[in-house]
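Asker: Heads up: the sequence lines are chains P and G, in that order.
Sequential numbering of the first sequence, starting at 1, is according to this note's numbering.
Sequential numbering of the second sequence, starting at 846, is according to this note's numbering.
Hint data in this document are derived by calculation from the structure and do not stem from the laboratory.
Virtual Cβ for every residue (Gly too), placed ideally from N, Cα, C.
Some clues are possibly wrong.
To give an idea of the interface, some chain P residues facing chain G are shown, with a C-beta separation under 8 Å as derived from the structure [to be verified]:
(1) 333
(2) 334
(3) 335
(4) 357
(5) 462
(6) 492
Every beta carbon over 12 Å from chain G, so not counted as near; a handful from chain P, in silico [to be verified]:
(7) 428
(8) 459
(9) 597
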Amino acid sequence: MAAGVEPDQSDPLVRAAQEARLREVWRPPRGLFLRWTDTNNNAVGAWYTVTAFCMFLFAGVLALVMRAQLAVPNNDLVDADTFNQLFTLHGSMMMFLFAVPMFEAVSVLILPQLLGARDLPFPRLSAFGFWTFFVGGVFVAGSIFFDAAPDAGWFMYPPLATRTELTGAGADVWLLGLSFIEVSSIAAAIELIVGVLKCRPPGMRLNLMPLYAWYILVVAVMILFAFPPLIAGDILFEAERLLNWPFFDASRGGDPLLWQHLFWIFGHPEVYIIFLPSIAIFAMIVPTFARRHLLGYPWIVLAAVGTGFLSFGLWVHHMFTTGLPAISLGFFSAASEAVAIPTAVQIFVFIATLWAGRVLWSTPLLFGAGALAIFVIGGLTGVMVAVAPFDWQAHDTYFIVAHLHYVLIGGALMPLFGGLYYYWPLFTGKKLSDRLGRLAFVLMFVGFNVGFFPMHVAGLMGMPRRVYTYPEELGVGALNLVSTLGVYVLAAGVAVVVLDMLLSPRRAHDRRNPWEAGTLEWLAHPKQENWGVRSVPHVESRYPIWDQPGFVRDLDEGRFYLPDAEEGQREVMISSVLDAEPVQIARVGAPSVKPLLAAVTLGGVFIFPVFHWYSAAGVSGALALAMILWWLWTGTSVIPEKSLKAAGRGVELPLYTSGPRSSGWWAMVITMTADATAFMSLMFGYWFFWTIHADFPPPPAPGLAGPGVGWPMAALAAIALGWLATLAARELNVRARVALARLALAAAALLTAAGAAASIAVPWTSGLDPELHVYPAIVWVLSIWIAAHAAVGLVMQLYVAARSLAGRTTPTHDADLRNIVVYQHFLAASAAIAFGVLAFFPGLA
Amino acid sequence: VQSTFSAFGAEALATRTLGTSMFVVAAVLTVAVLALAAHAVRAPQGRLDHAGGMRMILWLGAVGPTLLLTALLAFSLPMMRPLTAEPGDLRIMVDGEQFWWRVRYGRAGTRDEDALVVTANEVRVPVGRTVVFVLESPDVIHSFWIPGLAGKVDMIPGRSNELVARATAGGVYRGACAEFCGLSHANMAFDVEAMAGAAFDAWLETLASPAAEVSHDGRQLFEEYGCAGCHVVRGHFAGTPIGPDLTHFAARRSFGAGTAPMTVEALAPFIVDSAALKPGSMMPPFEHMPLQDAQRIAAYLLELD
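Next comes chain G alone, as it looks inside the complex (with noise of 0.2 Å):
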């Protein structure tokens, strides 16, 4: 689920808290604001005279709205500070793509690019532990956003920022891209899952292996179609990392940044002309590939667990 109602990491608690208040307080103030109109309006004529009704401006309209927006200031300033990180903390690397996204993790006590664990379109975040997360774009601007983690920071050419979240609950969720990114702008989300500690560092060890040995024939058709001159298959194919990292391929719940389940059906038709499905999506289409070939590919793609 996608949503800020579904809160499960601390940022995004404490803003639905905020936002909960806000829209009550703001709901009290509608009415009455409203209810007060409709009574000026039945009020007879001379009811409120001149001084009576300047002194209602005065507190109404200048006094009382300064009294309530300094009080909310006060107590929203000190969720502007971001969480603090240490100098030890999960790194994970994120770069908004066309219409997908690299995810990289940095494994503990090591800042080194080498020992990134590369995957794509999937994040996972250990339960309790404080992750930060390094936001980055090398084309077009685009906005990571986790609404169930925290609030959303832009991934911008040329900037590096830095968004530091910490998970409270375990569960399975959805992130998107919120900055309009041209046309598979709608088709770019990833799946989230919140996990904890001990499984998610059993996790990172199983994706930091290369791809277990499988015998299947559409490791051939992979090779013979090229399509690792985009994409890399550790233990398989060196590759080059244009495209989505798929040595873990079939672990993931989707594909196509969260666009289309794991299935064989699904999955041929993409490779074959991924724009049907994504606008605009980078991947040249295969029109010469016959359905077959396709689908012996991803029949290989989904051993990749």
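This is chain P alone, in the form it adopts within the complex (with noise of 0.2 Å):
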């Protein structure tokens, strides 16, 4: 249908048609078994939700096992052993399992319907990340039913967790178990930021972009660049237990403190990663229920990206004791204590918003409220200890026990569960009981007060944290019970929350909308439809179902863009970065086992060496790879029938795009940023080393000796050759000379190859002996990553040659050949770095 004819909207039977259409593509899979294959948002959120929240429950009952054991002095209720699996298990599930997935969750259940969108730009993706999260969280948590879940505290330090007679498999479950289920978050982050910055609504500029979207984006930048380190620091590690490399062996040139850098480069910003979220539900509470837009819109946004900013510069405030020259001390002091002030931004943008506005008290504004006040007493002994002499008496004590549950209970849990009130009939089409929500609101309020606020005293009257019993004499035991019975009151106000959701199936339908909010995602029906929105608004305010007339008449009938599926396909709008001008209609992926199958063979691969099961892990790996490409094969840019297609309203808009325009190409860029983030860390590890040691290399000896110019040159020039020749190949094929691009594809992988196996030959051929001090083996690292990544390079280019061959990769629909050119810039410019710096940077120290 060309556009200017377009369907008559008023017409009630053409909207009839359009909505059986749009029905039977969107329906989900049925079934016992092929319900599991479904990728839409709408079922992979519902259970990614319910799956993190189930941790949740988890490590809040490893919580009130602790809290039994520390109720009275020298008790014993349970054993050494036990307690610390229980400690570290409940720190690593709450922040992993919980806190992380949590948000990425509730953020692939709610985006698309805040951003009138179909769908996310990758479903299967998010139905990947899920699985991933599923069979890694169930791994990791599991372990503790086999008296084999981590027992060396969730920051992992080495030599004691690197020492396997001092730590059992407990440690390799942690360090393979969460590194997969990082892939989940960094798939997750993915998803998050290209959905955002590609699937707004026509219309939606960013400036016009609901908070929670501007925070998800915040947040999975975050993500993005915090848990690389953490990957890279968990590949160090691994090598270090699994082979004797020994990065953090001070006995070989290694240095635990290495690991402390790599971790709260991580760590510091995991705690903004877990409550910049909920302060996101917190902005899209207070307008609905102050009755007017937020007040300070620019300055709440300021203060978002200024946090996440500032968290990547204070993570030495967790090394404070670690014996740092002053003048860090004073650094880091003064930033640690600086991020308090976007933080006090966003706090009294919710007062002036509530002062101006008409406040309608509710469940879900009273967890607010309740939260305000928790959050202010958590971020008030952050500036406490933030302060590097305070912190000297405080740290690694039960006053930061204190201080990180008032931050994360005040900030992220509390908000989280006015969230769960706020959002519970959108997604079930009914409201949670008020009377039972004002009930666990006193409960977890009073509890948590009552539990957590003695910490703050004992933990100053000298009670060390992780320690399963403590003395009669160092008089805390009263502070405990209290605790203790505190914490209690909370788990029961929980219950409740539990309770009140398990009612709702016997309660009615509450109307559309129940709360009278403002923003798109009150679009849903109570009963709902799987398409998500009947058409895709055009949106021209922050609120615009209360200020665009007729708003919610004209979406419902289909007046919007894109209100049928005539082709039968699911299709999404993808519309520019900035400005939000409709650039594509993307079709994106119906359910599919791939995914699901994907994530358990990939899981293989980083559950098995935990029993040291390596040809099991390849094998697994190797049907990964088979899964993956299966998947991306047959699923992904895939050639239209047609090139134009009407949106609606005028519009017409091409269904296959390649480059910046496409939302693949922006994933490809953001996958590679993580990806050099963590071949960075890497890089710091070296120049780390180099920092600590008076000679670092090492004097020449045998296995000792550096790789010398000539290999590390080879590898280079063999992969910038593949590079340029991956280029030729992406020009030639968009000037229609097919075979020469496919001959250049062809050179580009042998080059590729080749340099792939020069890497190896770099540390290989001077002999480097890995295990004897720490200068091999971080020659060995960085050589086998680029080897690694030339490898993946090479699939990818032999991958689009065979696409080329099979006619699914053509001079105009090139997008693939385009995303592997994305891969091969960071190739090549993390190769000219390593070989570069293992080359010459011997010659200069």
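Both chains are given apart, each in its own frame, so use the hints to dock them into the complex.
Answerer: Structure below.
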């Protein structure tokens, strides 16, 4: 149908036919097994949220056991070993299996609704991320039933955690299981960034985005830069545990502090990754119940972005007691205090909005107010511990336990429960009970404060953290008993919420938009259709339901974009990054079992090495690669049957784009940014060892002599030529010189393969012994990193060559080719840095 | 007592004042913010207009905290400078080991390793004199913390950290390991005594002397069971210094790194199976040692004052 001859949306029959087609296209798969192949954000988001919530309950129960043990001095309810597993798993699960996944889960669930979109740009990636989380999460959480849970603390400091005689398989469960989950976190971050940047409805410029979307953007970018250093650290850590490469072993040139740096470069932003999304939920709730626009939108956006930036400059405040020079103490104290400023801005934005508006009391707002009270205290104790001299006393005591729970329960958990009461009607069509909600709030608020406030005092009275028991003479018995009672009251509050949710199916449906909110997500019907929105709206305000006359009716009658699914395909609008001009109608994946299979097989790669089953891991890896290629081959960059399609309102959009206009290209850029961050973290390790040693690299000796210049330069040359040949293939292809383009790709593949081999030759030919000293070990790791990346580049080149031969990549449809060029840019740059440093830095040093 | 509230050192006293001041300001701020929030919720619609709201965010959200935090930083920066130590000051080498403390005192005027006076699980400091703690670890990370004296400093394998401190009042206190270090992290404390300078000098002289002669037959058993393989009793057994030095064992206030009182009843079972009291203890169990033998060894050790 050409533009201009548009269907008459006033005709109910036309609309009914459109609705029938949309319903058919977006119908979720049914059946005992097939339902798990769903990829739609409604299903995946719900599974994700429920799983993350179960992880929260499980980790909470672990805490209850700990509190029972600590209720009285010299208790012997659980032994030291069990207690260490309990607190390690409690912290690790709350961080990695609840807080971060919960943000991703909620975002997957509501981002499309917030943006008036039908789905996220990569539904199968969401499903893959969820299954990765599920497999990894069950593995890590389940380890405690086999007495094999990690027991070295969620911070896993070496040498305690690297020495296999002191820490058993639990440490491997932590490193490998959580690395696997980090994959899912990064997958979700990519999905959400592209979702926010490229899937906004027409007209929704960046400054009209709902605040939740802003926060998602900030937090997802933080994940992108915070998780890779941890992954780099995990690689070094497992290399030490499994292969005896001494990255953290002081006796062979390593340093335990390198891990602390890598861990906290991740670990501190992690705190903000956890609580910013909850502030974001709060930022959606407050305007609704203040009955007005949020006052100070530019301020709060700036504050969120500022918090994100600052959070990367504070990590050292977790290391104030490691013996740092006074200048570092001063700098990091100042930076740690400074982060309180954007936080204060956010708090006063909320206060100003409530002040200016007409406040309607409700359970979500009640949780919000309680959160504010708790969070203010947590923030102020945060400023206290940012002051180094005070931290020297408070560090690693129960004062910190109190502080971090005030921040995380006030800043993250309470708003999240507020969000639960707020958004429950969006997904079930029914409100939760106000009475039970208030009861739960009172129990949680009182229980929390009774439980955690005394810990400040216990800490200053000399009670260290992570003790399975304490002597009576410490004088903290009464305080601990009160804490235990309080925490059980808090748990009772959570139980009331769970009960409230379980009672929900018995309640009647509420009306649409029961809170009379102004933002797009409330367009959802109580008895939801799986298609998301009836038509993709044109947005001119931050609160379109309040501000745009006739908005809901126009939307429901399909008067905006994409009111139909004529070709029986799942379609979403892709728009430009800044101004949200529509640029493409993208076809997204339908339900498929491939993401599930890819996640399970990839899981084997991480899980089998815990048991030293390396051949099983290898087989699993090969299967995972096959699954991913199958998924990509059949489901991405599909050439549409026509080039343009009418989107409604006289707009005609292409069905296929490549390069920066497409979502896939952005996903590749974002993925490689994360990858480059991990690479730079490894390079940081190289320079870190240089700074702590008077002679690094060490004087040449058998097994220690550096790789020289020849092989590194050979490897770099091969990879760089492979990169140029790939670029040439792109240019030839776009000029329709298809045969030459294929030839160039073949040459590129050969060169990249040679580059991979030469990368391994770098440490191999010089006989560097990685078990001897940290210098050979880090040279090996960097060389393997480049070799592995070249190997992946090779697979990509062969894949695109095959696509070209199969007619799936053509001069006009070259998204795959353009995407792998992005990969090659990063590969060439990493190789230049790595081999440049390996070859020439020893001469300079 | 192991509390930052019972401060007896210069740094701990200053930190206590800092902490109290910050607590007072924080309490005032908390009440003020919550009162403002309560007022905001009750205020009728439109009482605060857009411009007024933006001004409030600017002044209370951005400018106010910036000024307060700058003041706090200016107040606290001088406290981040460590006390200065002179070359002649007393040096106490403390190694954190799983799960006890090896303590060695440098004698005045010498840095000779051989002249160090070795003891374990007890730290004594002279009141009014500057003391330099040299903190190291041969196994995993520990953290040396005497809350009443000064803040904690980590003991990190491969590194040597220093803590300079000065006790200002005498008394008996307690310190503990603050960094999670394994199974018995909770059972890794030590006794601390701050004593007058002259008494300290006399005590250090006694500590340096070998153990007095004792006739107790437990000494025989100590040798037969191979205890000297890991423990030194100067004057009785040269031994190998793997575990704690026991030369003046009975002069300490507790054993097992602050975990049990100095009685035969507590000590004998510990000799047989130390891991029952201290999980993960590195001392091997003596499963076949009759309790009577253990009691005689304990009685011998308790004569070593």
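Asker: Hint compliance check: list the failing hint numbers for this structure, sorted ascending.
Answerer: 3, 6, 8
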